Each structure stands twice: as structure tokens, then as C-alpha cells.
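Q: Here's the letter readout for the chains.
Protein chains: 2
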Amino acid sequence: MVLYRQDQLDTHTELKKRATVMKRPQSHLRNLLQKPDRLARYSAEGGGLFFDYSRQRLDDTTRQLLFDLDKKLRLRKRFEQMCAGAQLNVTEKRAVLHTACRNFGQAPILVDGKDIMPDIRRVRDQIKAFCGQIHGGQITGANGKPFRHVVVIGIGGSYLGPEFVSTALTPLADRGIALHYLANVDIDNFGAVAAAIDPPTTLWVVISKSYTTAETSANTVAAEEFMRAQGLDPAKHMVTVTSKGSPGDDPNRPVLQTFHMFDYIGGRYSVTSAVGGVPLSLFLGYDCFEAFLKGAAEMDQHALNAPVEENLPLLAALISVWNTTYLGYQQQGIIPYASPLAKLAPHVQQLNMESNGKAVDVKGKFLPEPAGMVIFGEPGTNAQHSFFQLAHQGKPFPIDFIGARKPHHPQYASRSKGVTNHQELWANLIAQAQALALGKEDKDKARYFSGNRPSSTIIMEDLGPENIGRLLSFYEARTVYEGFIWGINSFDQFGVELGKKLADGLRGHMAERNRNSNYDFGGVDSISKFYLQLLFDGTGKN
Amino acid sequence: MVLYRQDQLDTHTELKKRATVMKRPQSHLRNLLQKPDRLARYSAEGGGLFFDYSRQRLDDTTRQLLFDLDKKLRLRKRFEQMCAGAQLNVTEKRAVLHTACRNFGQAPILVDGKDIMPDIRRVRDQIKAFCGQIHGGQITGANGKPFRHVVVIGIGGSYLGPEFVSTALTPLADRGIALHYLANVDIDNFGAVAAAIDPPTTLWVVISKSYTTAETSANTVAAEEFMRAQGLDPAKHMVTVTSKGSPGDDPNRPVLQTFHMFDYIGGRYSVTSAVGGVPLSLFLGYDCFEAFLKGAAEMDQHALNAPVEENLPLLAALISVWNTTYLGYQQQGIIPYASPLAKLAPHVQQLNMESNGKAVDVKGKFLPEPAGMVIFGEPGTNAQHSFFQLAHQGKPFPIDFIGARKPHHPQYASRSKGVTNHQELWANLIAQAQALALGKEDKDKARYFSGNRPSSTIIMEDLGPENIGRLLSFYEARTVYEGFIWGINSFDQFGVELGKKLADGLRGHMAERNRNSNYDFGGVDSISKFYLQLLFDGTGKN
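Listed in order, the protein sequences are those of chains A and B.
Everything in the first sequence is counted per the working numbering, starting at 1 for the first residue and increasing by one.
Everything in the second sequence is counted per the working numbering, starting at 1 for the first residue and increasing by one.
It is possible that part of the hints are untrue.
One copy or any two copies: either way a pair holds, since identical chains are not told apart in the list.
Distance condition first, Cα-Cα at most 20 Å in a straight line; then the derived SDA-like pairs of lysine to any residue [what the hints assert, rightly or not]: (1) K529 - G418; (2) K395 - G328; (3) K343 - T167; (4) K93 - R447; (5) K500 - S210; (6) K529 - R63; (7) K343 - G245; (8) K500 - D287; (9) K440 - S526; (10) K395 - L327; (11) K236 - E224.
It is worth saying that the hints were derived from the structure and are not from the lab.
These numbers were taken from a predicted model, which means no experiment stands behind them.
Just chain A, same shape as in the assembly (with noise of 0.2 Å):
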């Protein structure tokens, strides 16, 4: 038999005994960071990107234990089988394969022995030359006026990677375009995009793979009421990335243009494909939405390449096997001390708790415990006046720090108590971690700091759009590699589908009461059916 799960391997039995002597007071990180070379050993360079993980809860017995996991489960062919089209999402019998989005070689890569690549090159030229054309003026909205405004409907990875990115590269943005984003059913997030725009200088790009995704479906409705009561054609303020051949992609439904997205891509891991593709070359520029591929290309060939010892990625997961597995966090702080990555935390929260919040391997046998951890985060020093007293006295969880050495904006340097902001900035990034894990001795318990509190510090040289590809491929590779190591298949989310066809159920009840206003909801199970009158009626019996 192939072991594919880290709890299958002796190594397992052997980490789980190594948490026990990781829990003794002598391995407290006090302990550990004493040592004057903690950080040139427990730090690591590649991909463009410096990994400081000298705080978190491991000396070289447990480290060598986390590289034999790796080695025995032979995580790095893993990764390559996944670049090289393998069908790792098996439930779906479907490749995985975000990481050919931003490969610019000449070498095919094969599914089902079709190169894809011809397809992958060929949206980014049409990306490239439809968003040269908007912001030439070539391509305008009905009245002949360029376009001002972009609406992108779509939920979910066809939300979440964009906005992430968008907002980190805002400063950048020099098209004259403002970037808007429709993702919630809710008609009031419709009601505020509606209130943002100018109808007549806006195009709206709606995403979704399948396209009848309920939310993207009934957003696009609304919009397309909403433009012709403004007596705009549609057609020519719209455009759409969707499969081949779906209801978005149908000459009887025309629109400005449509650009192609494939089933080898999941949601989720999609920024780099047209989905995030078309949106972020509107508002940003092609040029720039490349250079962010780049980046993107450079960490997953660090990803595929780099030995253990020195793959960000790669000792990310294992960190946070560790971390999860074996030393019983439930939750991982993501703490940008950089403000354009405040979409960084709620893009991971998607990303990795939607590839890993899973109970059963890829073989359909049910893991020991479910996988996964609650991501959360918020941008510093925010995180240090909201959540941060429960982080340093509460139960404690691990938090990913991450910072920038240069700020987008260099030209405002007042000073404060002798320091620029952005110096401060970085004060407060240095002190914190090291906070968490020393602690503090007090003889007034509510001023003691037990420390011992693991962290890691991830360095990026500025906020350019490479970098922010870098990240972002970091934060997918760690998540894939996570995936590997528990054998879970973390490209599927059959999850999602109970709620979704409950909701089916409800809506169809739904329909028939705008139907026929006598409709009582028989049927309905009685707590349903409370709601539905309470939304009807105002009033539910209960």
C-alpha cells in the first residue's frame, strides 16, 4: 500500500511524542530563541520572498521529524505530478493546474494528451488586447463614452483573489477606471454599486465557471434591468469569463466579449486566470496584471524546486501540520503590517478553509480528525487594537506576520516621536512577534504574559505586483502542500452542496408563493416555514 497521509507514517507516532516534550516548560520559545543563532537556522530566502519562522514551537529533532514527513510522502513530486496536469481533484476527475495561468514557457503541458497552453496564451492575448482597447477608447459603452467604471459580479474565488489583489494594488492604478464588486446576493450590496457608478461609462464582467452560480445569476439580472431602464443596450456593457460553451458564452445572449475559463482551474485558485485576469487589466493595466503573473511564476517554481529546508511553501505547511495536528491549534492568524493587504486574510480564509476544512482523505476514507483551521486576520496595527489582547493573554493560536520594507507611498515622511509611520509601522511588526513568544514575568497575574505564542514573519521587499504574486503563490503552494500532507483532496467542496440545495427547496417554495399569494408553504418543515411567513407576512407562527 502507498502511504499518502501523514497520520499513516511512523513519523506520525513519532511527532505526536515529540508534542509532548514541545509542551514542557524547558521548550518554551524563551528557551529556544536564546540560542544566537536561532534565526539564521530557523529562516529561509526563495521565490523573491524572506520566511522567518525562528518563533514558532520547534528545535531540530521536531524539524527533522516535519522533513521526514515530507520525504516519506514525497510532497514535492506531488507538486509537480499537480504542474504537470496529473487529475488530483479525483472526485472530479479533474486536474489541477492554476499554476500553468502564469507559466510563460514554451514547454506543453498535457491533459488528456491536449496541450493546454495554446488556450492559456491565447485568453491572456485577448485580455491584453480587449483592455488595450478600453483604455485606448476603441471599445466604449453605448453613448461612445469610455468606460469609467468596472462592476465584476461574481462570488466566491471569482470575488475574493481579485478584490485581494485590487486593493493591495490600488495605488498603482492609472487607467482612470474605479473597480467595483458585486458579489453578494443581497440587493442592498447591488443597491450600493448602483449608487458608486455612472451607468453609462460602466462595464460589468460577470464571472462564474458554470454561469448559474444563484448569486452571479441574479446579480446579472438585476444589472441587466438595471442598465436597460437606463436605456443602455446590455450587450454593449458587458463581458464574460466563463466556461466554453456555457449560458455566458452563447451568440444568442451577445456581449462586448467572452473569455474563456477551464475546469483544470478551481475557483478559489483562479486570480491568475482571466477571472482575475480580465477585472485586474481593466483597472490596473495588462502590463501590470503580468508583471503580478510573474511573481506568481517565480514562487511556484521555488515551490516545485527548492529542497525542504529552504521552500517557503513547503515549511509553511508542514508548520502548520504541526501546528494544527499535533500541537492543537484550531485557528491561524494573518497579520499584514501593510494596509493594501487588508483583502490578504479573507482571500486565505477562502483559499485554505474551503480546500481544507475536510474530513475524508482522497480516497473517501474518513480522515482521524477533520483537517483544516479557522484563518482569520485583519491588517496591523489594527489586529493589535481589536483582537490582539486575547492573542497575547487569551488561548493562544498562530499568527503569520507579514511586512513590507517599502510602502507604496515613500512622499509623505513626517515624522512622529522621531519616526516616520511607516517605521512605527515596523516597530510594532517586530515587537509583537517577539512579544507572543517571550512573554512577560509579573507578579500581578493580569500583567503576566505566559509567551509561547508561535509565529512566523514573512518579508516582502515592496508591494508591487510582483510580490503580490509572490504571496499570493505562497499562500496556495503552503495550501496545497497542507492538502498533501493530510492526503486530502483540497480541490474539491461537496460542503458547500447541502446548504445550496436546501436553499433550491426554499426558493422554489418561494417562487410559488410570488406565484399564487394564497400559497401556504405546506410542507415546509415547521422552522422553515416560520421564516418564509416571517418573511411574507411579518409575522410567523411558531
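Starting from the known structure of chain A, arrange chain B on it as the hints suggest.
A: Same frame as chain A, now just chain B:
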């Protein structure tokens, strides 16, 4: 000895035993929900909100034990003492009187023998008068132009509460004023705000109780330099919200007006004080702010007077403690099916985690284990397309679902699949709680849902200011009640001190280096030194 912590009571032992019963298969929510009157018996209405806890893992016996906790700990009595000015913030020797901010009664509230209500009323009157003059154009910027932008400089409690409320009520903002927040010391936060405003028509509202918060000081310096660079007099473009006699209330540093805040109102509980009052009244009008206060006051009265069986925040707090301390959940999701409530979770994240993420009780003794829980959330349906995979099939966590019967924007009524967007939203709201609770059998383990995942559902009639006030007060009172049960001081935050102190030290070294470029960071620990060199020189030695 007066017992003041739930784990000192016999009921604690009984609850621990009860938890083992409730973890048995026969106690699965699927079974509990079979009783036809489950919803009627496990829901309550009061303070203007409806609270359904039928999908919490409670039966009559367990609930009765929780009611016993309430009785023995005399929780409402403590709440009454809080509202009457008792010094419940024992470590800082302060009363806890955020409820006074929305008190419109005539009775005095005494702190150290002095009635504080005249101060409260005076500040409210000042806010009303000042905002009236801004909106009427009697107070303008240095160039005589009416104000069109308000920038709030403040962090933590001076930011998250106002941001939650202003986001929720944005569709009601009719004063022609755009509201911006400058919280993070990150210069990119400043840069983003600077790019979004029109300086001659911008009013800066600096909020800091001590007026010494590092971030707020740095941002105020940056704002003042920015104004001067534009030829504008900061004194004509700034108001302060601060303690009487602080550096922000200094006649030698003139501003348009200073509004006082008081030491009996903690930052995270301060949105109904001038902290929220000034920016929200500028943005929405004072009347809207007052309606918000009155909603909060209604829930305060409910929290104070309703018997435990009907008391929403008290029930919710008992359930929190049951879920955390007895069932072992470590997180709490907050999922409003209302996109205007997008900033509720970040606000409650601070409110609750900073209040209750504590390791010591009110007497300064260590708790058996730290109190509190990780709070996180995003609006539904967005959350369904993000982390609900883990919520359904990963390690479970309790969720608060929140719905509003009426959206802000009823004018858009297009239908997709036979239902409006708002109906679609509700179909999902109803479906998710049910799917989590019931689960679904399936031979294919990847499509199996274990269910038994607890949630509550809170329903409000609409998203008007009264209901936002009720919701705010609900979460405040719930947080306070949780703290009473755990026997902790929910009103101090010594956990943030160590990081601040270490940052102070590092700032000193940075300032020295700014003065002397040869300064070599002597005496700094090796890891911090590495990061300081990296920041200043582009490369660190490790």
C-alpha cells in the same frame, strides 16, 4: 466567600457532566429538532429583536442548569450595578457606563457622588449643534467652502464601532458628506485617504481618549503637515474627541471644537458616546444618531429587566459559555445575511475578544483556562462561497446568523429563478442553519454531513438606525454577561501592554538611527536588530 465565577459553583460540575450527555449521538440536533414546539420553546423576542436558539445544542435540562448559573451568579444584579455606576472595572478603578450614553431618562447616575448625566447631555447637545452648523454651512473650511469629507483619525475602539454603524447606515447618509477612516499608522492608509479626499472641504475628526495613542498621534501629525502643504490651517479643519484636559483639549492647540469623552466609557464600548456621535452625526445627521441611541437604550432596558428566559443578550451569553467552556468550541462565527452589516464581525471581534480574551478573574486569580473565543465572520451568502466548506465538514464552530426582514433598497425588485434577490438571500439564511444542524447521511463520505453544528438566528425588522442600535447593545450586553459568568474584568486590556512597551523601545532605536546614520542598534536583541537593519539598510545580518 461570595462566589463570582461559574466554575466555583456546583452547577459547573453538573454542566460538565451534562456536556458528556449532550455529546452522545441521541442528543444530536437532528433529534432535538424533532419536537414540534422546538422553535417556540427555544426562541425569545425582546428589545426589538427576535432570537432563535433552537439550533443550539441544548435541551431542557441543560438550559435549566444555565438558568441556575444565572440565578446563583445574580447576573442581572451585576448588570444593574454596572448601569448604576459601580466600579466594575476593578483593575483600573473605573465605572462602566456606556449605557449612560444612550440614557434619555431624568434620573441621575452617580460616579464618585457626582451625577454624570449633565455631562452626557451636554456633549450630545454640542454634537447636535455643531453638526447642524456644519450641515447648514455656518461652519466651513478655511476657504469658506462647506465640508464634504470627514476623515476619522482613530484606532481600535475609536474606529471599529463607528465603522460598523456608518457602514450599516450608509444608504441613509444624505448630508453630502463622504466618511473616511484613518486608523492604521501605515503610511499607505494615509496615502489612500489623502488620494480620496478634497483637502479644502475636509474635516478631520481626531478621536483618542488620552490623545497619546501612537498611531493616532502619528496620523494627526501627518494630517497637519498635509493640510499645511495645501495652504490650509489645521485649526480650521479639525475637531477632537478626547478626555477633558488631554493634549487634544489644549487651548494652545486650537481646533474647531473639542468633544469630551469620559473615563467610565471604554474604547470598545464607546460608539454611542461622542466617539461615534461626532462622525456618525456628521455623516448621517444628528437625528439618525439619536434614533440609533434610542434603539440601543431599548435593548439596554431589555438586558437589564427581562427575566432570563426572555433576555436575549443573557441567553446568548449563557449559550456562549456553554459552547466554549463545556462543549469546547473555540470560535464563534458571525454571519449577517445583510451586506450593510459587513463590519459587524470586525466590531464584535474587538468588542468581545478584547473584553473577554483574559486569563485572570476579577480578583486577579488565574482562571482554570483562558476565557473568550475567536470571533470572525463575513456576510452571507459570501461566507457560503468562502469558508463554509469547513463550517459544514471541518471542525465545527457555532454561528450567529443575522437577518433583516426588509433591506435598505426595496426599489430593485428584479427576479431570478422566480424570486427577488432579497428572497434568495433569505432562502440561503434559512437553509444554512438547517443544513448545519441536520446534516445528511450519504454513503459517499465526501458527501456526508455530520450535522449537529450549532447556530442561533437573530432577526431584525429592518436596517434602520434603531435596529442597528439594538444590535450593537445586544452584542455589548452579551459580552458583558459572558464576562460576568466567567468572573473576569471585561473592561481592561493589559494584554496589549507588552507589545506596546517593546515597540516603544524599538522606536527609540529607530529615532536614534534617524538622528545618526552610523548608529548600529547596539544593545538590541539579535532578531530585532536583523529586522531594523533590514528596514534601514535593505539587508540584515542573521
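Q: Using 20 Å as the alpha carbon limit, work out where K529 and R63 are close: within a copy, between copies, both or neither.
A: Neither: 55 Å inside a chain and 25 Å across chains, both beyond 20 Å.
Q: 20 Å Cα cut-off: does K500 pair with D287 within a copy, between copies, both or neither?
A: neither (39 Å within a copy, 41 Å between copies)
Q: Using 20 Å as the alpha carbon limit, work out where K529 and G418 are close: within a copy, between copies, both or neither.
A: Answer is between: at 18 Å across copies they meet the 20 Å cutoff, but 63 Å inside does not.
Q: Indicate which option fits the pair K93, R447 if close means a Cα-Cα distance not exceeding 20 Å: within, between, both or neither.
A: The answer is between: 16 Å across copies meets 20 Å, while 55 Å in one copy does not.
Q: State whether the alpha carbon distance between K500 and S210 is at most 20 Å within one copy, between copies, both, or neither.
A: Within one copy only: 15 Å inside, 50 Å across.
Q: With identical chains, the pair K395 and G328 could be close in the same copy or across copies; at 20 Å between alpha carbons, which is it: within, between, both, or neither?
A: Result: close both inside a copy and across copies, 11 Å intra and 12 Å inter.
Q: Using 20 Å as the alpha-carbon threshold, which applies to K343 and G245: within, between, both, or neither?
A: Cα proximity of K343 and G245: none, with 32 Å in one copy and 39 Å across.
Q: For the identical chains here, do K395 and L327 meet the 20 Å Cα criterion within one copy, between copies, both, or neither?
A: Cα proximity of K395 and L327: in one copy and across copies (13 Å, 15 Å).
Q: Is it within, between, both or neither when you check K236 against E224 at 20 Å Cα-Cα?
A: within (11 Å within a copy, 46 Å between copies)
Q: Please work out whether the CA atoms of K440 and S526 approach to 20 Å or closer within one copy, between two copies, in both situations, or in neither?
A: between (55 Å within a copy, 18 Å between copies)
Q: When no copy is specified for K343 and T167, does a C-alpha distance of 20 Å or less occur within a copy, between copies, both, or neither?
A: both (7 Å within a copy, 17 Å between copies)
In terms of the numbered hints stated before, the structure departs from hints 6, 7 and 8, listed from lowest to highest.
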